[in-house]
Each structure stands twice: as C-alpha cells, then as structure tokens.
Amino acid sequence: MGKQSGSEMKILPGRRVEIWLGRSLGGLLLLGLYLLIERGGNAYLQRLTILFLINVMLVVSLNLFTGFTGVFSLGHIGFMALGAYASAILTMPVAMKAVNLPNLPLPLASIALPFLPALLLGGLTTMIIALLIGIPILRLSGHFVAVATLGFLIITRVVLINAEGFTRGTRTFTGVPPYTTLGWTALWALFNVYVAWRLKHSTLGLQLLAARDDPWGARGVGVAIGRVRLIAFGISAFFTGVAGGLWAHFLTAFSPNAFYFSKTFEIIVMMIVGGMGSVTGSVLGTLLVMSVTELLRNLEPGVAVGSFTLGPLYGLSQIGLAVLLILLTAFRRQGLLGDREFRLEATIERLGDWVRKARFSIKAPSAREADPLINELISKLSKR
Amino acid sequence: MHAIGSPEFWIQQLINALGLGSQYALMAVGLAMVFAVMRLINFAHGTVMMWSAYIGLLLLQRGLPFPLVAAGAILGAATLGALMERIAYRPIRGAPDVTLLLNSFAVAVFLENLAVLLFSPRSRPFPMPALLTQVLHPWGDLFLPSIHLWAFGGALLALGGLAFFVTRTRVGLAMRAAAENPTAAQLMGIEVGKVTLLAFVIGSAMAGLAVLFWVAHIGTIQPGMGFEPVLKAFVACVIGGFGTIPGAVLGGYLLGALEILLQGILPSVVVGYRDALVYAVLILLLLVRPGGVLGYGEAERV
Amino acid sequence: MRLLRPSGVLFLAFVLAVAACAPAATPTAAPATPTGGPPIRIGAPFNLTGGMASIDVPAANGARLAAEEINAAGGVLGRPLELLIRDTKTDPATAATVVTQLIEQDKVVAVIGFNDSDYVLAAGPICQRAGIPFITVGATSPRLPGQVGDMLFLTPFGDNVQAAVGAEFAFEKFGKTAYLLWDKGAEFTTVLAKYFKDRFTELGGSIVLEDTYQSGDKDFSAQIAKVKALPQQPDFYYISALPDDVGTIVKQFRNAGITGPIVGGDGYDTPLLIEVAGPAAENVFFTTHSLLTADSPNERVRKFVTAYKQKYGTEPEAVFAALGYDTVYVLAEAIRRAGSTDGQAIKKALESIRDFPAVTGVINYSPQSHIPQKGVTVIEVKGGKFTLAAERVPQKVPAP
Numbered sequence: 001m002g003k004q005s006g007s008e009m010k011i012l013p014g015r016r017v018e019i020w021l022g023r024s025l026g027g028l029l030l031l032g033l034y035l036l037i038e039r040g041g042n043a044y045l046q047r048l049t050i051l052f053l054i055n056v057m058l059v060v061s062l063n064l065f066t067g068f069t070g071v072f073s074l075g076h077i078g079f080m081a082l083g084a085y086a087s088a089i090l091t092m093p094v095a096m097k098a099v100n101l102p103n104l105p106l107p108l109a110s111i112a113l114p115f116l117p118a119l120l121l122g123g124l125t126t127m128i129i130a131l132l133i134g135i136p137i138l139r140l141s142g143h144f145v146a147v148a149t150l151g152f153l154i155i156t157r158v159v160l161i162n163a164e165g166f167t168r169g170t171r172t173f174t175g176v177p178p179y180t181t182l183g184w185t186a187l188w189a190l191f192n193v194y195v196a197w198r199l200k201h202s203t204l205g206l207q208l209l210a211a212r213d214d215p216w217g218a219r220g221v222g223v224a225i226g227r228v229r230l231i232a233f234g235i236s237a238f239f240t241g242v243a244g245g246l247w248a249h250f251l252t253a254f255s256p257n258a259f260y261f262s263k264t265f266e267i268i269v270m271m272i273v274g275g276m277g278s279v280t281g282s283v284l285g286t287l288l289v290m291s292v293t294e295l296l297r298n299l300e301p302g303v304a305v306g307s308f309t310l311g312p313l314y315g316l317s318q319i320g321l322a323v324l325l326i327l328l329t330a331f332r333r334q335g336l337l338g339d340r341e342f343r344l345e346a347t348i349e350r351l352g353d354w355v356r357k358a359r360f361s362i363k364a365p366s367a368r369e370a371d372p373l374i375n376e377l378i379s380k381l382s383k384r
Numbered sequence: 001m002h003a004i005g006s007p008e009f010w011i012q013q014l015i016n017a018l019g020l021g022s023q024y025a026l027m028a029v030g031l032a033m034v035f036a037v038m039r040l041i042n043f044a045h046g047t048v049m050m051w052s053a054y055i056g057l058l059l060l061q062r063g064l065p066f067p068l069v070a071a072g073a074i075l076g077a078a079t080l081g082a083l084m085e086r087i088a089y090r091p092i093r094g095a096p097d098v099t100l101l102l103n104s105f106a107v108a109v110f111l112e113n114l115a116v117l118l119f120s121p122r123s124r125p126f127p128m129p130a131l132l133t134q135v136l137h138p139w140g141d142l143f144l145p146s147i148h149l150w151a152f153g154g155a156l157l158a159l160g161g162l163a164f165f166v167t168r169t170r171v172g173l174a175m176r177a178a179a180e181n182p183t184a185a186q187l188m189g190i191e192v193g194k195v196t197l198l199a200f201v202i203g204s205a206m207a208g209l210a211v212l213f214w215v216a217h218i219g220t221i222q223p224g225m226g227f228e229p230v231l232k233a234f235v236a237c238v239i240g241g242f243g244t245i246p247g248a249v250l251g252g253y254l255l256g257a258l259e260i261l262l263q264g265i266l267p268s269v270v271v272g273y274r275d276a277l278v279y280a281v282l283i284l285l286l287l288v289r290p291g292g293v294l295g296y297g298e299a300e301r302v
Numbered sequence: 001m002r003l004l005r006p007s008g009v010l011f012l013a014f015v016l017a018v019a020a021c022a023p024a025a026t027p028t029a030a031p032a033t034p035t036g037g038p039p040i041r042i043g044a045p046f047n048l049t050g051g052m053a054s055i056d057v058p059a060a061n062g063a064r065l066a067a068e069e070i071n072a073a074g075g076v077l078g079r080p081l082e083l084l085i086r087d088t089k090t091d092p093a094t095a096a097t098v099v100t101q102l103i104e105q106d107k108v109v110a111v112i113g114f115n116d117s118d119y120v121l122a123a124g125p126i127c128q129r130a131g132i133p134f135i136t137v138g139a140t141s142p143r144l145p146g147q148v149g150d151m152l153f154l155t156p157f158g159d160n161v162q163a164a165v166g167a168e169f170a171f172e173k174f175g176k177t178a179y180l181l182w183d184k185g186a187e188f189t190t191v192l193a194k195y196f197k198d199r200f201t202e203l204g205g206s207i208v209l210e211d212t213y214q215s216g217d218k219d220f221s222a223q224i225a226k227v228k229a230l231p232q233q234p235d236f237y238y239i240s241a242l243p244d245d246v247g248t249i250v251k252q253f254r255n256a257g258i259t260g261p262i263v264g265g266d267g268y269d270t271p272l273l274i275e276v277a278g279p280a281a282e283n284v285f286f287t288t289h290s291l292l293t294a295d296s297p298n299e300r301v302r303k304f305v306t307a308y309k310q311k312y313g314t315e316p317e318a319v320f321a322a323l324g325y326d327t328v329y330v331l332a333e334a335i336r337r338a339g340s341t342d343g344q345a346i347k348k349a350l351e352s353i354r355d356f357p358a359v360t361g362v363i364n365y366s367p368q369s370h371i372p373q374k375g376v377t378v379i380e381v382k383g384g385k386f387t388l389a390a391e392r393v394p395q396k397v398p399a400p
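Residue numbers (our numbering), protein chains in the order written: chain G, 1 to 384; chain R, 1 to 302; chain H, 1 to 400.
If you are wondering where the hints come from, they were derived from the structure by calculation, not from laboratory data.
Computed from a predicted structure; not experimentally measured.
Among the hints, erroneous ones may be present.
Said to hold, decoys possible - Here are the computed lysine-lysine pairs in the DSBU-like style, where the Cα-Cα straight-line distance is at most 35 Å:
{"id": "1", "chain 1": "G", "residue 1": "Lys97", "chain 2": "H", "residue 2": "Lys311"}
{"id": "2", "chain 1": "H", "residue 1": "Lys396", "chain 2": "G", "residue 2": "Lys97"}
{"id": "3", "chain 1": "H", "residue 1": "Lys194", "chain 2": "G", "residue 2": "Lys97"}
{"id": "4", "chain 1": "H", "residue 1": "Lys107", "chain 2": "H", "residue 2": "Lys311"}
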C-alpha cells in the first residue's frame, strides 16, 4: 500500500511547538524547584536534596551499566569509595594532611587541589581502575560477573582498611573541606543524566541493548560485545567516582564502613524500583525510595493512634524497604518504567491532542479518514 | 619472625582447616542445592541459619535437653526454608536471574530486621554442652577443640547421607534430573514443584545443622550473624563448582584451608590483606576456570 | 504469579501485625510532670539499628531513664526535659540528616548521643555551625574536640587515658613483655592498641609479638598458633577487642592453653565476656568507666543499677547505659547553672563543671579540656564475676 496513514512521519506544525514546550517546561520546572530549595532556608530539605542528587548519580550510573547490559555489578560502591577517598586526599589542605595522613607519599602530601579538578581526577582514577579490572572480568557471563564484582567490593574494602598511609584505615577520615553544595550536585547530576540519556539513544546504546537482549544475534551483526560493555563500565565508573567525591565533600567525615553492603543494597533497590534500563526511571525510583524511607523513618518515634502511641518502631524503614522490594519483584518486575523513558514531551503531545479535540473539534487524522481507498474497502466489506 | 615451619605447626593448621572447612562445606551445600533446582542464589540462606539459631536458643531456654534443641533448630530451619520457597520464591520461578537474586536479598533483609524487632540487636550467649566445647590435647602441644571433630563428623554423616540420597533413592534422582533439565524432568513425570520444595527443605536443614557448629565455635548469636556464613558459603560454592553438591563440599574445604593458610603464613604487615587475597584468588579462578575446581557450571564466555 | 496475591496480602498483614507488636506504647519523651514552662528539647540521636545497636540501645535507655528521673524531681528550671530519641541506623549520612532535622525543625537546645567517632564526626560539625552543644555519650577518641570544635564535649575519658592506665597497671603487676593483638576493622580497637603501645614502650616494656584480626573473624587459631610458637611466653597479653568478639577470643586463647593474664579495654565490659568464655574468663583484666553491679560499694552505682533494672527488667547490658545516664544529668546540671537554654551559655556552664558526681566517676570540664579528667576503673574477672582490681589515674597520657 503506497498511501500514507495519518500518523506517519510528517510532523504537524503544532507538534513542534509541543516538543519545545515540553522541553522548556521541564527545564523551567527543574530550575524553579532548584531555586525553591536553595533559597527556601530549610536546611533539612537541602540536605535531603543533595543526598537525593548524589543517589541519582549513583543509580543512573549503575543502571547505565547493569540496566543496559543486563550484567549485574555488585561492586559499584567500591568505585564510589575510590572516588571519595581519591578526591578527598587531593583536596585536603596540606597542613591537615601532615596531621591526618603523615605517611602520605610526598607528591600527594604537598598539594591541595580545588574542588573540580579533584572530582575529575577522582573520577578518572576510578574509571582507569574500572577499565583495568573490566578487561578480564567482563568476559565472564551471568552470575560469575556478579560474583567477581562482589569480590571487587570486598577487596576494595580490605585495601582501604589496610592502606593506612592513604586512608587512615578504619579510623574516620576527617578534615575534608565541605565543598559540596546544591549547585554542584545539581549540575553534576544533570550532566550524568544527560550523558546516560544520550548514550542510551546512541549507536553504542543500541549495541548494548542488543547485546543484552540477544548476545548471539548481536554478535552476528558485528557488535563487539566485550568492547561495548567495557566502555559502558568505564563511563559508569567515572560518574560513580565523581558521586563518591561529592558525597565525601558533603559528609566531610567517613570511613570504609560506609561503602559496603547496605549502600549497595540501597542503590540496587532504587534501580530496580525505577526500572532497569530506564534513565528517567532511575531518577523516579530514587525519588520514590527515598521518600518512602524518609516518611517511614519519621514515623519511627511513634505514630499517634487515637489516644495512645504505636511504637517506637525502630527499623521500620528498613523493613518497609525490604517489603517494597519483595512486592515489586512479585507484582511488577520491571519497576516503574521498565525499559521506557518518561518524556515530558509525550505528555504534552497527548495534552495537545486533547486540547485540539476539545476546543477546535479537529480530530487528529486517523488512518481511516486519510485513506478513502480503505474506507471504500471497509464499507464494501461491511455490506456483505 | 618466629618458627612456623615445624611439623607440629602444620598438623595444627590442618586440624583447624578441616574443622573450619567442614563448617563451610555444610553451609555451602544448602546453597548449592537451591541453586541447582532454581537457579537462585539464595542470600536468605544466612538468615535461615540465624533464625534456626534463635529457635534453638528459645528451646534451650525452655529447658529442653540439647539433642532436642538441636533437632528443633534443624526442623525450624527446614520449615523456614519450605515457607520461603512457597511464599517468596515459587511465584517468581522462571524469572530472570537478577530478579531472583534481588528477591532473595530482600527476603534476607526482611528476615534480619524482623529478628532485630523481635529479639533486639544485641548479642546473646548460646551455652553449649561441654561435650561440644571442650578442648582435647591428643599429644604434645597440639590443641584440638572438640567442635572441630564434631563438625567433621557431622559433615561426614550429613554429606554422606545426602550423597546416598541423591544417587540411590528415587526422589534424590528426581531432584538431580530436575536440576539438570526441568522441562525434560517434567515430561518424565517428575513434579518439579515438589522437588524444588524438597531441595529447599533439605538445604535449609543442612544450614540448621551447620549453624549449630558455627555457634558452638563463636558462642553468641545476633541478628546479623547470617551475613558472613552466606558469603563464605557463596564463595565456597564458586570455588568448587557452582550449583553442584560435590563442588560445594570441595569448595568449603578449600576455602577453609586457604583462609587458615593465609592467616598462618602471611607476615603481620600484610596479614590484614588476607580476605582481599582470598577474593583475588577467587576472581583468578573464575577467569581461568569459571566452572570452579571441579569444572561444572556454565562456562560460556561472551 | 497471580497466585501470590492472597499469600502476598497475608504476608503483608503478618508483617504489619508483627511491627505493631514490637515494643509498643513506650513514650519517647519523658512524661512531663513539671509545668513551669515549655519542655526543654534535647536531641538524642543513636544507632538503634544496625551494627552499633548493641551498645547504642543501652546508652539510649540510660539517657531515657535519667530524663524521667529528672522530670519526676521537678525538671530543669521548672521545665520538663523532652528527650527526642532518633534512630540513625548506623549510617553517617542518616546521622547528619537526623541531626540537621533535630536542630532545624525540632529546635533542640542541645544534642547528646553516639558511641562511635564516625557518627560524632558526621553530625558534630552541624552542631558546631549552629552553636548547639553536643555531648557524646560513648565516643572515646581524644582527638574529637580538636576535630569538631568547641561545642563538643565527651562524657567518657579518652582512649589514651584508658590505654595508659592499662599499660601502667600491667607493667607494674605483670611484667615488661607483652603480646599485642587488635581488631583492625574498627577504629576504637586500632586506636586503643596504638596508645597502649606508645605508653608501654615509653615505660620500658617491649612487645614481643604483634598481630591483628578483622571484626567478624570467628576463628583465631592462626593467631594462637603464632603465639604458641614463641620461644618464651610474654608476661601478659593485651588484646584490644570489641564486645561481640571478646568472649570468643578469650575462650579460644584459654582453650589453646594460654594461661597468662589477658588485658583489654572497655570493649570487655559486657556480660558476654563471662557468658561466652565461662571459666576461661578468669585472670582477665580490663579498663573501663565503672563497675556496674548491684552490690557495688559505690552508692551512685547501686542506685543506678536498681533503677535501670526496675524500668527495663534487666541489669544494664553495657557500661554505655551508665554513660548515657550521666550525660543527661551533666547536661541538666549545665542548663541549671546557665539559667537559660542558650547554646553559648550552656557551653560555658559545662566548662565550669567541677567534681560532678556521676555514676561513671567524677566529671571535670574546663575551657581547655572538654574531655573529663576521670579516674579509670580496672576490673578483674575472678570467681566468674567482675571484681574491682584498681581505680587509678594515669601518671602520663600519650598525646592524642
């Protein structure tokens, strides 16, 4: 059939407006939200937002690898740790280094970098390490990679505990300058989401998804699976490292215990909730999980039921999270969005359609109306 | 440094390794069985152990004699395993591996926090009969904690029984068939569902037995105690050959030996890196021989 | 999959039922009897779940008990104390968020809590910036005031103090040679071992063998084998361990035939030591904040133990319970002296406290030192019980 149906590629003039409207609206909304929180003066909300944005980076980066390749990395928090310690060592003022890290090798002990270079170097170091270990590890399959990355997490922790000259071992690493602000984290998170988004919709992204869904088929069309996965691993590790650096300069005091299984579980849950393979899903998933956790946590001291108090219920938020995950894997395995993305433009488009129908009684052309030949055929058939 | 090359030293370390290895082997077997029939890495295996320990403690506090306490703990573990299979895992059978993994993670966290709510997070002592905890001095300077003997003996019995079960009995063979090829097994009239349940029950019972020796070794129980055993069991399975019972057993002993060896011979400067080395060995093994020492399991490379 | 639905709902109902059955109807705030004004709100973040819970929960219990006693006696400045106990889940990020919330939204006038440096250092700077005094219940690192700022106070003595007493006591009583073993996976044990080594070698002692283990290790046969391989056994064994591990370590060492005296820090102050090690715990000595037994010669200790048992149905599970108790009392005293709830006023009042009688000793602060100059109690395990071996002040303390 050579005729075009009404819903084909030609973009109606109205649509272009809608796409732009969608994008600028989204941008304005985010900007407005940012200003509201930044100027709002609510320090508690600001802290939560910074933590949220850092988590978004962690989850989006994890999803960038695990979601797109289908390979489970249980060791990503090891990258966060590396980025945190690396950038913190670089920014610590020299005088404090002499006190806290007396055994630091001279080149490191005598410099103190500003925030951005330290973050970048931290991220780059992490990326290089990821590429090095990725080369052998990513050739394995299925849960063997998961096991290997788990081993990486544990090895990282052991190394951090023992390399006392660099990390003070299990003693709290303090003296990190509090450079992280809402602005920095927002910019980095935005950048991370943008890169992930572009990656997903690029050739590389398609190759990754192909390799995930049908490795042999992908091989057949010439996708270099090992190389493609390695690139994703590296990019993912870079941003995870930067997120670690942001986290380090936010808390200003930490120890290797923060980079172990509970954090791993936390971001994995967020990724699953949002949908493995969806960038916007990761953002929404993080939002949902953090909201639920924080809500439950605020209920922990006790809930007033009638005239008496139910509680305290310490541990409620952890149990709530576990139950959420169990329900999710049972009822909605793909999480909130699965593989798809939430696009404001699509919503605006639908809105536009509705407006058109309602106000101007103009229907979006459908296949039937646009093609008289089909109409004839249908009427002929229905007369039989 | 000091004299560590003496034959006595090595015999001592061998005894330690056999004892520790037996514990790891018992823990690993349960994990391997579940994986074999369901392709599920059951992270909740450790919390099952923890719960069976608490059940044992509750029975002990009621004044029951120790053999009944042990039996109760093992039964409790088996029941918990069955419940888990029914409620949490059966509905998602056939789901991709990652979903199964995550689900087991969630079940583990849930069970652990439940224990924290009910039993409080602090450690509680678990008094064991002297028969299990005394130390024998067979000859010279050697010391042999009797628990090592019990663990070794227990492991022999349990694993021997299991070996007989899977090779000589119909049900056991059915389990192996279902593990190898569920579809074909179903076509042959094997009820895969029942067999899966049985695998969970037996695997959890093994864990219940393992935790008795574990607790005799450490003396206390607390809600977080299941985490380390399941990790060790996991590593043991991978080392030996994932998803197979002989692999799990061999892996358990190898892991025990490796840990004792490294702790014993590494100079104090680097002995802290012991765990890192164990995992590095694990990763190397995966690279060279993903099927583990015994060479089972998928070895597909991409 | 749809088959799950009924059992899933059942599951959920079971969960909620259990959660509801959990310690219910325990008031978080002390019953407010005095009515001379609005309650004085005090933030009390603790790690009530997670790895630190076993020592933080008793600390929170002790604090709660103190608040109730104070309110029953008329409160502070005629107003009731309201203790806002919050769980920070053994997570430093949560600790920081919770403390921010306590200061900004709940408008607390002071913060008490935490037994570990990680959390003090995550939350401390927030209090410092807000000008809110922060008294840590159980974190013993002597470097904390320097790291956080002048709003931070410690209720316990510093680790350098207890390690020095341990070294001096053992040097005098047992001899010049020692074996040193410590837990590499925890800050407290690492730091304690370091201070011990500093003081001991300064006295002229020598460490014949050093070894480490990781928190969570349950098998010490390798370390024991190294000790037994020594040509000559040292005079004593200094083992720096956490409460969860001490019983196991002592038991395994004794079972291996190591009979010499074992010395440690306040990590040994737990009922688990005797419960787990049993008769193996004989000839074990450790430094701690106080000996908490119902038949103590110290009247304050007796009163506390009795009151704790009455409220919670068990004797204090850890010495941190007494530290939590003392912290609230010290804070109440400071607020009383300051006559107001202003942060700076409370801080100055704290600095003026001298010879304050607490359950865990006599507390002195000064503008130069926010770490109390307290005596250290040395306990010996004899006849299956904790007995008092000595109460001393160190002659010299290693620099933090």
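The hints, checked one at a time:
no.	hint	verdict
1	G:Lys97 with H:Lys311	violated, 48 Å
2	H:Lys396 with G:Lys97	holds, 27 Å
3	H:Lys194 with G:Lys97	holds, 20 Å
4	H:Lys107 with H:Lys311	holds, 29 Å
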